[in-house]
Amino acid sequence: MIFENELGWLGIAGELFVTTAFISSFISAIAFYVSAKSKDDILQQSWRRIARMLFIIHAIAVTGIVATLYYIIHEHRFEYNYAWEHSSMQLPMQYLLACFWEGQEGSFLLWMWWNMVLGSLLIFRAGKKWEAPVLCIFMVVQAFIASMLLGIYIWDYKIGSNPFILLRDVMIDAPIFKRVDYLSFIKDGNGLNPLLQNYWMVIHPPILFLGFASTLVPFAYAMAALWKKDFTGWIDSVLPWTLFSGAVLGTGIMMGGAWAYESLTFGGFWAWDPVENASLVPWLILVGGIHTMLAYKKTGHSLRSTFLFYLLTFILVLYSTFLTRSGILGNTSVHAFTDLGMSGQLVFYLMALAIPAILLLIINWKKIPSPEKEEAMASREFWIFVGAGILFISAFQIILYTSIPVYKGLVHSITGVEIAPPTEPIQTYNSYQLPVAVLILLLSSLALYLKFRKSELKQFYRRMLVIFIVTIGFTILIAWKGGLTYPTHVALLFTAIFSIVANLYYLFTVLKGKHRLYGPALAHLGFGIFMLGVLISSANKHTISLNYRGVDYGEQMNNLELHTNQFMPKDSRERMGNYFATYIGDSIAEPNHYYKVLFERVNKWDSSVVHEKFILRPNAQINPKMGLISNPDTRHYWDRDVYTHVTTVPEKNNDDINKEAIFKEHLMAKGDTIFTSNSFVVLENVDQVTESDKVKLVKGDLCIGAKLHLYPLNGKDYLAQPLYWIQGGKPELITDKVSELGLVFRLTKILPDQNKVQIDVAEIKPEQDYIVMKAIVFPYINLVWLGIVLCVSGFLVSLIRIFQKKKTAIKNVESI
Amino acid sequence: MKKVHIIGLGIIAMAIGIIISTASDYSTYETFSSAQLKKGKDFQIVGTLDKSHELEYNAEKDPNYFSFVMKDKNGFACKVVFHGSKPQDFERTESIVLTGRMNGDFFDATHILMKCPSKYKNDKLDVNGYIEAVPSKSPTE
Chain U
264 MIFENELGWL GIAGELFVTT AFISSFISAI AFYVSAKSKD DILQQSWRRI
314 ARMLFIIHAI AVTGIVATLY YIIHEHRFEY NYAWEHSSMQ LPMQYLLACF
364 WEGQEGSFLL WMWWNMVLGS LLIFRAGKKW EAPVLCIFMV VQAFIASMLL
414 GIYIWDYKIG SNPFILLRDV MIDAPIFKRV DYLSFIKDGN GLNPLLQNYW
464 MVIHPPILFL GFASTLVPFA YAMAALWKKD FTGWIDSVLP WTLFSGAVLG
514 TGIMMGGAWA YESLTFGGFW AWDPVENASL VPWLILVGGI HTMLAYKKTG
564 HSLRSTFLFY LLTFILVLYS TFLTRSGILG NTSVHAFTDL GMSGQLVFYL
614 MALAIPAILL LIINWKKIPS PEKEEAMASR EFWIFVGAGI LFISAFQIIL
664 YTSIPVYKGL VHSITGVEIA PPTEPIQTYN SYQLPVAVLI LLLSSLALYL
714 KFRKSELKQF YRRMLVIFIV TIGFTILIAW KGGLTYPTHV ALLFTAIFSI
764 VANLYYLFTV LKGKHRLYGP ALAHLGFGIF MLGVLISSAN KHTISLNYRG
814 VDYGEQMNNL ELHTNQFMPK DSRERMGNYF ATYIGDSIAE PNHYYKVLFE
864 RVNKWDSSVV HEKFILRPNA QINPKMGLIS NPDTRHYWDR DVYTHVTTVP
914 EKNNDDINKE AIFKEHLMAK GDTIFTSNSF VVLENVDQVT ESDKVKLVKG
964 DLCIGAKLHL YPLNGKDYLA QPLYWIQGGK PELITDKVSE LGLVFRLTKI
1014 LPDQNKVQID VAEIKPEQDY IVMKAIVFPY INLVWLGIVL CVSGFLVSLI
1064 RIFQKKKTAI KNVESI
Chain C
455 MKKVHIIGLG IIAMAIGIII STASDYSTYE TFSSAQLKKG KDFQIVGTLD
505 KSHELEYNAE KDPNYFSFVM KDKNGFACKV VFHGSKPQDF ERTESIVLTG
555 RMNGDFFDAT HILMKCPSKY KNDKLDVNGY IEAVPSKSPT E
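If you're matching them up, the sequences are chains U and C in order.
Sequential numbering of the first sequence, starting at 264, is according to this note's numbering.
Sequential numbering of the second sequence, starting at 455, is according to this note's numbering.
These are computed hints drawn from the structure, not numbers from a lab.
Since we're looking at a predicted model, the values are computed, not measured.
A hint or two may mislead.
Said to hold, decoys possible - Computed footprint of chain C on chain U, listed as stretches where at least three residues anywhere in the stretch have a Cβ under 8 Å from a Cβ of chain C: (1) 308 to 321; (2) 510 to 519; (3) 634 to 640; (4) 643 to 657; (5) 733 to 747.
To be verified - Straight-line alpha carbon distances no greater than 25 Å define the calculated DSS-like cross-link-like pairs of lysine-lysine that follow: (6) K457/C <-> K630/U; (7) K957/U <-> K833/U; (8) K1074/U <-> K777/U; (9) K993/U <-> K1019/U; (10) K671/U <-> K492/C; (11) K1019/U <-> K775/U; (12) K457/C <-> K629/U; (13) K636/U <-> K525/C; (14) K456/C <-> K714/U; (15) K1028/U <-> K495/C; (16) K457/C <-> K671/U; (17) K777/U <-> K1070/U.
We treat Cβ as the ideally placed atom computed from N, Cα and C, and that holds for glycine.
Given only the sequences and the hints, what does the whole structure look like? Please build it.
Okay, structure coming up:
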């Protein structure tokens, strides 16, 4: 059977690319392996040449898969399931990229593509000695990822999920696919999840996946080092990669946080959601590894832990992949991927890489050099080691709690208890991570003042005293101003300020303009500012949309948590903290529904003085498939954010009014008045209507409208115009409804001889136009973003320094 | 004993401490009747919306009071009160995960996680609509 207009060759090309990518990576891994194993120089070289050739084929194939899949989405080839499932006709161009990586297959593809790019860089940079073993590990991983796209069956077991599968092969039972011309009926795709129709979805995944992909570099080097038993030679090559990885992965994670804050509605940038945790944990371990590696470079200590940390980083990336893609998080996370039945495969790959890695490390543990002499207490390397240990503990707690869905089955079978994740995840995680933050802040400020090997303590104490006094001053000031009284909050405040002061002091007085050495202090300063922002914005965040309607005075009144959603009838000026907010109307720009809310900031003491006015437009998509999807809108000030989102809107019911309403008849002449229970209605005139938004008038139709002016007992007046429409000799009555007043009008008779018309009026339940919204003030949230930017730039400054050092080293060699 | 070993042991001790404390931090999946027995503790309950009862939500009266009846996995129905706004399209939800505690004869929910049948990833092609549209096309076209 040949189907009309179906571009079958695209899928065949795509599948061919996938198969090529898989096979080439697999064979390339073998070729690199043989090259790494062989002792003979010529053999080594020729195998390496073969492996490189295969790598080039692999690179072309991966790019081919990307191009084919993107073409399918871009051209709206809905005969392919991926395009149908993830995109639709009306999606703007920029979101087509988001469709690409919305699905599991696309995101694996993104990962694989980055791995390929990094792999090509490594072929140039790794050097003769490391290229073969490192790339061998690389290509093994690449083969694993490529197999996730195979979508073939081995006996009954499905390996991977093919992104090029046809829609008619997915929905085999649907009768429509029996038709040769079925494609002419599939006019549109399912579309992109509206939560993801967001520019963050375009930039966040590529950066996050570049971060994930880059953790493979230190892993591959560490494995290669253990395998080739050259435990020290890899450090210099891998250092810039890990700094890069730390910067990119860190940016990726916090972009997720910024996305959540800006366009999701859980009211914050971090909720300890399992998916967030799964990406944070590898980063924590990676940062630990970077630090122990620096300690090793300067003193020879902590090499073993460096191996451990780098191996763990990538294993944890794989583990997160398993967590977020196996569907195991189902009941606990809002944004885990749906299960594609690949969890078995993911577990297999995780084990296939983790077990050899851990075994290799255990076997070689004693052989990895470690100085006989202990670290001195007053040395930087000692405290770096302590800090790395704390990061390890932090990561351990997060992953242990996040993994509850993984081991709950085991616990159930042993104890019979069905365990679930903590009911208040934010409080639970914070209670562990807050002390961690305090310790890390202290170490990140002290450690720089200590020198490697042995420090002059006199100078250290003198500087610390100065910093301590300044810190105490600021702490008291901010704690008093910000009303921070909990001991834990004060401890965090103190250490955050300590870290800021210490690192600033270090930058300006110790380094004295040696810009190239700014990296570490800048990163630590960023972390201090970040934590200060986290503390103030979350401890002092307060909801200003407090609803007092229907609330009992007394106990319920005091529990602010119970009335954080405010009811906002249209045009009613409601108090919100230092603001007055008025819901002034809505507008629709498909698919978004914007609710305009006018904010007026008033004087604290005299609310008649208005300082400023602005309009926020929190929007909602009333999606037929997903219900109300709310997007916040935020007013940014330098020292705070006012964050608003709509939580409920009235459900418009457009039931047939004529059925339920009971009409009362009135004979009226121009200027006559009738009374309803809530208003009086004046007939202004009766005229022929040539244009109406209610009916489509054609030439030859006669349409008469009765213009009614409604004056409610309180509030503003309204107009209504019921129509009497004669279309092809048959009259039709077009009612007009003023839902705010609950009045329905009908023009039933026109009596020209009496100069009167008959107006029927029905009273129904008034339908108010309103929104229910939340408004939260986040003080000093900009410190959070500033901190992240500084922290990431710290990584980058260090990275630049390494490259400059290398350049000067090369120059020196050349000049000799 | 080296300092590094002491720190290593300290880390292991802390890790064990965290594992032990997991035991007090996790919550459990319960049913309404088992939650009733353990008052004053928070639980998670999985169930379905009992559609024979009306949802109670009146934004004008109190936008932070939403009440409905849910059946747990044993089929036991119980009134649930949530102090927040009614999630849109709640009527259509298929499965609900509640977090909260029993408070007398009703369940006081702090979080509601809904699983909609029409989650976006639904492989339902509107096939009938397309097929019905066929006869209207004249064959001579």
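Taking the hints in turn, this is what the structure says about them:
| no. | hint | in the structure |
| --- | --- | --- |
| 1 | 308 to 321 | violated (count 0) |
| 2 | 510 to 519 | violated (count 0) |
| 3 | 634 to 640 | holds (count 3) |
| 4 | 643 to 657 | holds (count 6) |
| 5 | 733 to 747 | violated (count 0) |
| 6 | K457/C <-> K630/U | holds (20 Å) |
| 7 | K957/U <-> K833/U | holds (23 Å) |
| 8 | K1074/U <-> K777/U | holds (21 Å) |
| 9 | K993/U <-> K1019/U | holds (21 Å) |
| 10 | K671/U <-> K492/C | holds (20 Å) |
| 11 | K1019/U <-> K775/U | violated (93 Å) |
| 12 | K457/C <-> K629/U | holds (18 Å) |
| 13 | K636/U <-> K525/C | violated (66 Å) |
| 14 | K456/C <-> K714/U | holds (20 Å) |
| 15 | K1028/U <-> K495/C | violated (42 Å) |
| 16 | K457/C <-> K671/U | violated (37 Å) |
| 17 | K777/U <-> K1070/U | holds (18 Å) |
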